[in-house]
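Turn these sequences into a full structure, and let the hints guide you.
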Amino acid sequence: MPIQTGDVKLLKSAVMADVPEGGGAPTGNTIADGVSNAIFPDISELDRAGGRVNLRKTFVSVQTDDTDTYFGANVIVAEPPKDARVSVTLFSTERTFDNREQAQLRIEAYLNKGPEWAGYLFENHIAGQRVIQLFQRPTDTVPNVGQTLVLVESEGQATQKEQYVRATAVSVVERTFTYDGDKDYKAAVVTVDISDALRYDFTGSPASRTFTRAANGTKVRDTVVADAGTYVGVVPLTQAAAVGDFTIKGASIYTQLVPSAQTETPISFVPPYAAAGLPVPGASSVSYTANHAWTPGLRFNLPGGCLPGSLTLQTDGITIFDDAGLLKTASGTIGTIDYANGILALNAGSMSNAKAVTYTPAAQILRAPQSSEIPVTPESRSQSYVGTVTPVPQPGTLSISYMAQGRWYVLSDAGNGTLKGLDASYGAGTVNRNTGAFVVTLGALPDVGSSLILTWNVPTQETQQPQVTLKASQTLVLSPPEGKAVQPGSLTVSWEYTGTKTATAATNGVLSGAATGVLRIASNRLEFAPNVLPSVGTQLTVSYVAGPKQEDAFAHPSRNGSGLVPVTATLGSIEPGSLEVEWNTLTDTSVLGAYTLAQLLEMGVQAAWRDPTQIARDDGNGHVVLNGSSIGTVDYATGQVTFNPDVTVLIPRPLYTSTAINGTGRWRLNYRGLAYVEAPSLYPNDESGYVKLRYNSAGSTSSVTETFQFTPSFKLVPGVNAQIVPGTVVLTLPGAQPWGDNGQGTLREFTSSGWVTRGTINYLSGDVTLTSWTAGTTNAFTRASCVTTVGENISSEYVFRTGAAPLRPGSLSIQYARAVGGTQTVTAGIDGKIQATGITGSVDYENGLVRVRFGSFVTAAGNESEPWYSADRVGSDGKIFRPEPVAASTVRYSAVAYSYLPLDADLLGIDPVRLPSDGRVPIFRAGGFAVVGHTGKITAPVANGQTINCGRVRLSRVRVVGHDGTVIHSGYTTDLEAGTVSFNNVTGYSQPVTIEHRIEDMAVVRDVQINGEISFTRALTHEYPVATAGDPASGSYVSSALIAGDLFARVSLVFDQATWNGAWVDAMSGSAATATFNNTQYPIRVTNRGAVTERWVVRFTNSTAFEVIGENVGVIATGNTSADCAPNNPATGVPYFHLPALGWGSGWATGNVLRFNTIGAQFPVWVVRTVQQGPESVPNDNFTLLIRGDVDTP
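The numbering of the sequence shown is the numbering used here, which starts it at 1 and goes up by one.
These aren't lab readings, by the way, just hints derived from the structure by calculation.
The model shown is predicted, which means the values in this text are computed figures rather than measured ones.
Some hints here could point you the wrong way.
Stated by the list, open to error - Below 30 Å or equal to it, Euclidean Cα-Cα: the simulated DSBU-like pairs (lysine-lysine) are: (1) K161 / K219; (2) K219 / K113; (3) K82 / K219; (4) K82 / K937; (5) K937 / K9; (6) K219 / K186.
Dropping the structure here:
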């Protein structure tokens, strides 16, 4: 007989209560249709006040005395509770005997342990603390509010301690720490308030300049979405659906699994992006040979930081290279590299022979990144994207963020051109470090309406200075008698090193002999640079003749007819070689254009090249010389000086490129660095011009001898007024290891004895002062690496996501500063639009995505030469957008974000820390099944012989309910295809009755959007209306389906073995028994009504007698081989199984076992009721569960 409607029942489990032992095995107690509190009790006042999660285990059960199949069984929540603060969710562990405690663990496993966090627990923490501190690099990402981390101590050991913690507030302080007694480094100390107090003491780690956790220190791990449970629920349709539609619109794709209490959290004056690490490389690679030992305990140190992907080290016949922080050979990984500090660590073995090293020096600086976006539209949505990032990002700086089902995921460049996330499931890709071209495959389809956010860093303000040779020198400030100066041609310097060394200054001031340099008579300064460095502390003896000196000042002297400026010394004659001419010039910046000048103003680049002062000197032969070129003449006898006052100077100009922002119709002006261009700097034609002459005149002289201690120094970038980027300096010199800059102002050399300090660097001025060196070294320092920087990076386009979301509408404000106009603030409207003079943009309050564009529309005509102009960007109104960038460091935003208060786990009945902070989980996903349904109602008195036409065909089911609320199961027949109900016995009915008629479409979900759009692989076959005003139950619903599959009882496994050790395994353990059960001819029989999903052992107590043991039900029967064995299932009153005596045969011995498994025609379903905080909205609530499936047609 085929399965009838009444044969499929929803059964209670053994314990229907919220206690650890709740759930368990199925009972024979049916959950009656339409009976109050059949699954859950009433909701208490405490539950309404604090929120509650109730779990009840039920079973879908086929109750027939055969093994007929209930095909394609599935369960749905057909209609949700009427109370908006109550939701119902279903899931299954597919375990017949599990209890609430085990099911709760499954729910709480939504988040699981991920990779180790880029930081560690700072010092020891004790149980009861509600704050933890993390120690990490300033460039590394800090936890977000609402993010869950895992603390794990003694991982993998018997003493392991583990706790998941959720951040409720995060603050960062950058602190300076000291190592080796006198050396400093900076680290970020991140303070994280957590929702639950620590349950254990956790061992922390001390501060470490290598940011390495102590071996016994607690690990901090990120979490990844494991989503161990598949949840199903129901949401109402918000738009009517028609026959043929493939897409419907639901109210959400989420269900409330855990209650949450929303609160407001202010976000005040924070930058759009955390300052990110930017590797700033030198102009070229550095090669040298090192001989010091390298072992796991003795690290190998480069002179300084290293550009990712640039290192090769050859030794002992092998080549070592770096790859994303690892040191590798052709055979595999052998160690690690700390790029920021240039420290190489070896995992095992030793390398004591010579090592040929080549690498590109680089320093890590902090800078707000550049940003762009790829909008996700229904047309552009894909799981794979390609593109080109302009300007080309520095290695290790590109990150691509995307949103999938309301959660952000980040893929970052590891430094070797590979894009990957914290977990492989997030996606992967590559980026070409030379072109910026990228290919990325996301871990999931991104949400329509969101964007892929690209952030990266480029050294836009930096200049890689080329390799040059520099000489260490000392400026000797001479002290001749008052009113006198050195007479030209009279000065000699002497010093001792392997004998007496001397150098003499000629009449033109040029020093020759054992040193080079120049004598500046007017300023009494001698630049002294020995050809070979003498011993540290060597005494210099300077002898010269002093003569009278004079300074004349001329207020705005005029040019002559040739454009030259003539002036005459007031004392007449000038001693050859003593003249110094000073005058001022004004730089003509018109070569840059007004737009570029405005950008330099925003960068703060001005003072380095405005209104310079020029100083020229005579060469002793009647020429006035500036920068090595003759610009005039001097008549020594008459004191007449004539010179050309106009010069050419170098001024910075931004380098621009422009690229389209995909899918936005906008263009982005990219800054890829600075170039220095020539500009005229002219002598003023107004009263601001001046000229000064300094010179020696005829008169009495005297001999002078002075002594100095040799303390050499030199300019790293002579003639350039720009700061040095700390950590980018590398100097090489004959016979020594390279000298490197430690980023803290110290110049040092790594030797076999460790670091040796060689000097100091003033980053502001670019001056290097030497404090130690090897005597006898040739004075020729090769500037192998040096990078200068000017001003701040600017941008006109900012795309970012706020630190928390969702945001309160109207709460976002953007603040920025202009060089002219000062600080300005604009607030977004309730509609999310950002609009004010010079700024436009938008904010998505739900996900916190902000787009800001600085600039304005101007008339295109007349701007054809501007870097931002392109004919195809001119609008129909003849206008074009002119970018007006602002300094990235000045941009800040403020907002009010909604966050979620931590609720008490004991009151909730579940620990929410491993679930999303808002308590919602997705119930629809691509590849899953969904059911669109609508239940119509007809209320009418009925009589025998009456047929009610429901007004639609192809019904899925009909339900008749009496006026008293009792469900009526008899006295009528239905024709679902025709949509009619015929009554034949209405005796006992409570009139009038309500006929509930339901239509449904089941389909596979093709795509899901967070806005509630759900697409199917096939079209709908019915019309589905939305609810009418005031009657939400009259609308249609879409339910996700919990798939049980084909339900029928069966025996899935049969085997015998000689002995049994008590372990429940589904394969033979040890040897087979001599005897065997003949299951082929005398099979073990089961029925849908009696069988349960259980593993069984029949263990012989002698050669004929046995006992029957279930894994979960224990010993349930004894028997012998001469009689059939059919132990009774007390829940149903029929046997669990029927074991025929004829199957035994002979030869059984004590201890032999027969192992078999039975599969019941049941499916366990956990029903979750979630109660949000707040008062009830309906007095008598209900929800509808439907068990769906098909049977054989008779």
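Which hints, by number, does the structure contradict? 3
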